[in-house]
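Participant: Heads up: the first sequence runs through residues 0 to 190, numbered per numbering that gives the first Met the number 0.
Please note that a few of the clues may not be correct.
Stated by the list, open to error - In silico EDC-like cross-links for lysine to aspartate or glutamate, where the CA-CA straight-line distance does not exceed 16 angstroms:
id, residue 1, residue 2
1, Lys-54, Glu-190
2, Lys-163, Asp-143
3, Lys-54, Glu-109
4, Lys-128, Glu-109
5, Lys-112, Asp-29
These aren't lab readings, by the way, just hints derived from the structure by calculation.
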Amino acid sequence: MTVLARAFYEQEVVDTARLLLGKRLVREIDGIRLSGTICETEAYRGEEDLACHAKSGRTPRTAVMYGPAGHAYVYFTYGMHWCLNAVCGAEDFPAAVLLRAIWPVDGLDEIAKRRGRFPREQWCNGPAKLCQAFSITGEQNTIDLCSTRSGLWIEDGPESAPEKICSGPRVGIQSVPEPWRSMPWRFWVSE
DNA sequence: TTTACGATCTAT
DNA sequence: TAGATCGTAAAT
Numbered sequence: 000m001t002v003l004a005r006a007f008y009e010q011e012v013v014d015t016a017r018l019l020l021g022k023r024l025v026r027e028i029d030g031i032r033l034s035g036t037i038c039e040t041e042a043y044r045g046e047e048d049l050a051c052h053a054k055s056g057r058t059p060r061t062a063v064m065y066g067p068a069g070h071a072y073v074y075f076t077y078g079m080h081w082c083l084n085a086v087c088g089a090e091d092f093p094a095a096v097l098l099r100a101i102w103p104v105d106g107l108d109e110i111a112k113r114r115g116r117f118p119r120e121q122w123c124n125g126p127a128k129l130c131q132a133f134s135i136t137g138e139q140n141t142i143d144l145c146s147t148r149s150g151l152w153i154e155d156g157p158e159s160a161p162e163k164i165c166s167g168p169r170v171g172i173q174s175v176p177e178p179w180r181s182m183p184w185r186f187w188v189s190e
C-alpha cells in the first residue's frame with residue numbers, strides 16, 4: 000500500500016476528483032483499520048465557483064482551502080452533519096474534492112457500530128454517511144492526509160476503467176446560479 | 001446582535 | 001415532503 004503523496008493532490012482539482020475514484024480512504028481508530036474504496040466525488044474550484052464555500056473569499060472556515068494541497072477540509076452542515084474534502088490544486092487557490100461515497104472494505108464491524116442499523120449499501124453512500132461511518136468530525140479538519148500520523152489518509156488503488164467513469168452536475172446546489180449549477184464536476188463509477 | 005440558510009439524512 | 005438542528009457569513 001502506498002499513501003497518496005502531496006503531488007497527487009496538487010493536480011488540477013477537477014482531474015483529481017476523477018483520479019480519486021478507485022482510491023482507498025483509510026481511517027485508523029484505536030489501532031483498528033477502516034477503509035473504503037472511493038466511488039463518488041465532486042470538485043469545488045475557486046472563488047468564482049459559486050457552489051464553492053470559498054465563493055465569499057478567505058474566512059476562518061475556508062482558510063484551509065487556501066493552504067497546501069493534501070490537507071482535510073471537514074465542514075459542518077445542516078446543524079448535524081460533517082462532510083470530508085481533500086484540499087487540491089495550488090496553494091492560495093481555494094479548491095477541494097468532496098468525498099461523496101465509498102464502498103466499505105476494512106473494519107466492517109467497527110463501521111457497523113454506527114451504521115449497522117441500515118443495509119450495507121447505505122453505510123457510506125453519502126458524504127455525511129461516510130463521515131459518520133468513519134467517525135470523522137471537525138477534529139479532523141486541517142489534518143495532513145499525506146501522513147498516517149493523524150489517523151486519516153488515502154492510499155493508492157486500481158485505476159478505474161475509463162468507460163466506467165461517469166460525470167454530471169453536482170448535487171445539492173439548487174440555488175446556485177448557472178453555469179456553476181450545471182458544471183459536470185461530479186464523478187462516479189458505474190456498476 | 002440577529003438573521004437566513006445550507007456541498008444532508010431520515011422518517012413519514 | 002418535512003423536520004432535525006447549529007455553524008457560518010452577511011445584514012442590522
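Participant: Check the hint pairing Lys-54 with Glu-190 against an upper bound of 16 angstroms on the C-alpha distance.
Facilitator: 34 angstroms, violated
Participant: Please work out if Lys-128 and Glu-109 have their alpha carbons no farther apart than 16 angstroms.
Facilitator: Measuring from Cα to Cα gives roughly 14 angstroms; hence the hint holds.
Participant: Keeping to a limit of 16 angstroms between CA atoms, is the pair of Lys-54 and Glu-109 held or broken?
Facilitator: 37 angstroms, violated
Participant: Does Lys-112 pair with Asp-29 here, judged by a C-alpha cut-off of 16 angstroms?
Facilitator: 14 angstroms, holds
Participant: Is the straight-line distance between the alpha-carbon of Lys-163 and that of Asp-143 16 angstroms or less?
Facilitator: Violated. Lys-163 to Asp-143 sits at ~30 angstroms, over the 16 angstroms cutoff.
The structure does not agree with the numbered hints 1, 2, 3 stated previously, though it agrees with the rest.
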